[in-house]
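Undergrad: Letter by letter, the chains look like this.
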Amino acid sequence: MMTISDPTLLALALAVPALATLAIALLGRRPNFREASTLVASALLFGVVMTLLAHVLAGARPELFLLSVAPGLTLALKVDPLGMLFAAVAATLWIVNSVYSVGYMRGNDEPRQTIFYACFAIAIFATMGLAFSGNLFTLFVFYEVLSLSTYPLVTHKQGPAAMRAGRVYLLTLIGASMVLLLPAIVWTGLVAGTLDFRTGGILSGKLGDGALALLFAMFVFGTAKAAVMPLHRWLPAAMVAPTPVSALLHAVAVVKAGVFTILKVVVSVFGLETLQATGASEWLVYVAGFTIVAASVVALRADDLKRRLAYSTIGQLSYVVLAAALASPVAVIGAALHIAAHAVSKITLFFAAGSVYTAEHVTKVSQMDGIGRRMPWTMGAFAIGALSMIGLPPTAGFLGKWFILDAATGATNWFAVGVILVSTVLNAAYFLPILMRAFLRPAEGPRKEAPLAMVIALTVTAVGTILLFLFPGVPFRLASMIVGG
Amino acid sequence: MITHHLPVLLILAPLLGAILAALSRNGFAAWLIALVASALTAAIAVALLWRVQAEGVISYRLGGWAPELGIEYRVDAVNALIVLLVGVVALVTMIFARRSVLAEIIPERVAWFYTMMLLCIAGLLGMAVTGDAFNAFVFLEISSLSTYTLIALGRDRRALVAAYQYLIVGTIGATFYVIGVGLIYLVTGTLNLGLIVERLGAIESSRALIVAEAFIVAGIGLKLALFPLHAWLPNAYAYAPSSASVLLASTATKVAVYLLARFLFTVFGGDVGPGGIPIGAILIVLSVAAMFLASAAAVFQNDVKRILAFSSVGQIGYITLGLALVNPTGLTGGLLHLFNHALMKGAAFMAIGAIVLRAGTAKLDELSGIGRVMPWTVAALTVAGLGLIGVPGTSGFVSKYYLILGALEAGHGWLAILIVASSFIAVLYVGRFVEVMWFREPAQAARESREAPLEMLLPMWVLAGATIWFGLDAEGPAALARAAANALLKVAP
Chain A
391 MMTISDPTLL ALALAVPALA TLAIALLGRR PNFREASTLV ASALLFGVVM TLLAHVLAGA
451 RPELFLLSVA PGLTLALKVD PLGMLFAAVA ATLWIVNSVY SVGYMRGNDE PRQTIFYACF
511 AIAIFATMGL AFSGNLFTLF VFYEVLSLST YPLVTHKQGP AAMRAGRVYL LTLIGASMVL
571 LLPAIVWTGL VAGTLDFRTG GILSGKLGDG ALALLFAMFV FGTAKAAVMP LHRWLPAAMV
631 APTPVSALLH AVAVVKAGVF TILKVVVSVF GLETLQATGA SEWLVYVAGF TIVAASVVAL
691 RADDLKRRLA YSTIGQLSYV VLAAALASPV AVIGAALHIA AHAVSKITLF FAAGSVYTAE
751 HVTKVSQMDG IGRRMPWTMG AFAIGALSMI GLPPTAGFLG KWFILDAATG ATNWFAVGVI
811 LVSTVLNAAY FLPILMRAFL RPAEGPRKEA PLAMVIALTV TAVGTILLFL FPGVPFRLAS
871 MIVGG
Chain B
29 MITHHLPVLL ILAPLLGAIL AALSRNGFAA WLIALVASAL TAAIAVALLW RVQAEGVISY
89 RLGGWAPELG IEYRVDAVNA LIVLLVGVVA LVTMIFARRS VLAEIIPERV AWFYTMMLLC
149 IAGLLGMAVT GDAFNAFVFL EISSLSTYTL IALGRDRRAL VAAYQYLIVG TIGATFYVIG
209 VGLIYLVTGT LNLGLIVERL GAIESSRALI VAEAFIVAGI GLKLALFPLH AWLPNAYAYA
269 PSSASVLLAS TATKVAVYLL ARFLFTVFGG DVGPGGIPIG AILIVLSVAA MFLASAAAVF
329 QNDVKRILAF SSVGQIGYIT LGLALVNPTG LTGGLLHLFN HALMKGAAFM AIGAIVLRAG
389 TAKLDELSGI GRVMPWTVAA LTVAGLGLIG VPGTSGFVSK YYLILGALEA GHGWLAILIV
449 ASSFIAVLYV GRFVEVMWFR EPAQAARESR EAPLEMLLPM WVLAGATIWF GLDAEGPAAL
509 ARAAANALLK VAP
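Read top to bottom, the protein sequences are chains A and B.
In this text, residue positions in the first sequence follow the numbering used here: the first is 391, and each later residue adds one.
In this text, residue positions in the second sequence follow the numbering used here: the first is 29, and each later residue adds one.
Pulled out of the complex, with its shape left as it was, chain A reads as follows:
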């Protein structure tokens, strides 16, 4: 049997989406081959990432040195359990999202599909690099590649609204990362003498408490992809993009890259013990808590379905940020699980929203009367995703929330506990009415589902949401490995 060495696997994880971009660009005039190259590449990448996953679970920590830009600045990859989890989620969802994209883009007869698929592949390339980055500089480089490559996707529709959204998107993400994240990285490098990620952190004892809290704030707000208020506006603005792009933003890559970065910085730059000892992250509990509740209140009042989902994402992301701020091992496990759970559930919700749009051109909650009877597969999947958002068993959303709640009570942080409880009520308040409208109100018109590719994709992710609850073994083991369990 042929065995591939770990560094080669890492190189492949970057090379496969990169080559896919090339193939897509070259096959632009032959749509069937073009889409085939996306699907083949996503399957290949899945294979590569799953092989890596098996090795990581067995204890391997593959490394790959790429190049040295200048003394002290190197592009290097190093797999750790958190990155592995993120990469596995992204690689898995890329397959489903590709199937769905083919259905959506053809179903809606969208223009400029070549650039769409090409940019999508670059975004996956950046996500892999980000997830496997071995130091802060590498992370920053791929973070920016991800921002730039998703800009054409956000502005895909090219109207004035799309252009405005694109501007908000790019200026917020790039602006925050240049003005706050990059200085934070330079500062870290100067203080710690290295940019390499190390479990337990590289900043222990290097900075005073106040400076540490300031540096932490620069990291959190510099990572605008995590959408912590007040840097959240880009996410609802970006909902003008086609649904597969929303899925990419909300589930596969972009916002996950944000919370991943924050979690990674907490675990491998600051270190849980340092944060616990100095309390440098305590303030973030309140900011994240405010974001959770405020986003839920906005979602409650939004009639546009995608807008409601977007604010739901902002709230859910801050669960992860809240957990990161609690900085205890249990909280980190909860945060990691919540990244996976939210990804698979939110992609289901967006798939369903896109499916409803493609079949019926429905975009508003108030137009959804009886739609569950006419599109039972779509709205069935939507229901599962919604339950997961609320955090009810038997869906994946329950797991992460449970651990985060556990961490909050363990830290006797009653503010955090209160936020989680209030938010759960609010989540139910904005998702259940949609389900009631869809299933209990009378339907007008015959049964009519979206294209098959879309229905398959959203069914798969809905089933995944339940399976992740029933068999959380692999993500749970990875999550425990992050904190050395």
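Derived from the structure by calculation, the hints contain no laboratory data.
Only a predicted model underlies this, so the values are computations on that prediction, with no experimental measurement involved.
We put the CB at the ideal spot given by N, CA and C, even for glycine.
A hint or two may mislead.
[Claimed, not checked] Label-pair ranges, simulated between beta-carbon atoms:
| # | chain 1 | residue 1 | chain 2 | residue 2 | range |
| --- | --- | --- | --- | --- | --- |
| 1 | A | LEU429 | B | GLY441 | 49 to 55 Å |
| 2 | B | ASP501 | A | VAL853 | 43 to 49 Å |
| 3 | B | GLY222 | A | ALA405 | 50 to 56 Å |
| 4 | B | GLU479 | A | GLN666 | 56 to 62 Å |
| 5 | A | PRO397 | B | ALA71 | 37 to 43 Å |
| 6 | B | GLY388 | A | LEU825 | 56 to 62 Å |
| 7 | A | THR753 | B | GLU479 | 38 to 44 Å |
| 8 | B | ILE445 | A | ALA415 | 34 to 40 Å |
Fit chain B to the supplied structure of chain A, relying on the hints for placement.
TA: Showing chain B alone in chain A's frame:
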């Protein structure tokens, strides 16, 4: 031995080429002569750098006359870098120029155009290699006079006004410079930079030197478009023929920066000049003003050439900031940015030159969707734009990284923050043309255009490719810049 005469051959190649081009009268022949001359120049520049690295400083006596009487050419790690830059940019510009010149310049003037290009190159190289303060003035005038002509050859009638404006300002600058040199001559009795430095120690009153420094810094400042002496630059770049803009934007201001650095560090002693004038602090303030105000002005231009021109003024701010920090790391960053900015601005001006050739306009509002029909050209412009912002993976990031380290080393944490914050303004002006060119429905101009010819795309992508290459593997240029910075600051490597 011919290698012994390399420093003077460097200037003779373009100078003789200019004469031949003028005599040829034929556009194509003149282009060929210019191409060969600049290829020779580039080869000599490479050989010079190689010799400097192997043997150290090269001192060449023109006509065999010793310095006090004669003129000395002196090549060290600093100007070897500048000479290499000018030589290489000159060569790629000539390759690029043929098609662009055919479209933009009246046929009977084409030979004159190449003559002036070669004269300009000869003047710039002369400023770089000479070790004689007055000789530098002569070369400064050669390059300036040819530049006025180059700008005036632009097809837009506003080019004449721009050339005239620059003529007046440039003459004032040159006069200031020569007054400063005269004052130095008055107190030291020599024009050779090496001897000036030796004799300065014995001078008791610094009053003449204070005045000399003021005149020289202001004079060269005009030539390098140091904020707020930059008013001539946007019009000059915007209305000059496209290939002249390429040459000027990537080399002219850079050589002037070199001359300023030479005077500041070797003659006037860096941070604090004679008589306790805080020249470093003054430069920091002007540089930061350029970084913010000129970049902000770039955001509000409609002509893409003017966007790039204002961006140049802003980017020169980063370079002079590197000089003003007066520590090895900061100066390395400044010189590295000088080098990197030349490459990316060259690529950008080539791209807009190609767009002017195909679409006939550089106005942003007429260029909607041009990226769809000229993808390679606009991609090169985008790469250059990312370099101007300083996105990681481009050379602009590396030089700004060194600048930030230098600012922190100098204890100016706030400067590091300003460097990063001002880069954000570049996001705005680059984002503007990227959005219009790629993501808008093609307008009239775009629908009637097609991709630029290969002979323009190749040199453009050499420079754009270098912007990426030196962003990923910067150790080569960084080592050169570090050596140059050490030579200027006289720090042992």
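Undergrad: It remains to establish, for every hint, whether it holds in the given structure.
TA: Comparing the hints with the structure gives:
{"no.": "1", "hint": "A:LEU429 / B:GLY441: 49 to 55 Å", "result": "holds, 50 Å"}
{"no.": "2", "hint": "B:ASP501 / A:VAL853: 43 to 49 Å", "result": "holds, 47 Å"}
{"no.": "3", "hint": "B:GLY222 / A:ALA405: 50 to 56 Å", "result": "holds, 55 Å"}
{"no.": "4", "hint": "B:GLU479 / A:GLN666: 56 to 62 Å", "result": "holds, 59 Å"}
{"no.": "5", "hint": "A:PRO397 / B:ALA71: 37 to 43 Å", "result": "holds, 41 Å"}
{"no.": "6", "hint": "B:GLY388 / A:LEU825: 56 to 62 Å", "result": "holds, 59 Å"}
{"no.": "7", "hint": "A:THR753 / B:GLU479: 38 to 44 Å", "result": "holds, 39 Å"}
{"no.": "8", "hint": "B:ILE445 / A:ALA415: 34 to 40 Å", "result": "holds, 39 Å"}
Checked against the numbered hints above, the structure violates none of them.
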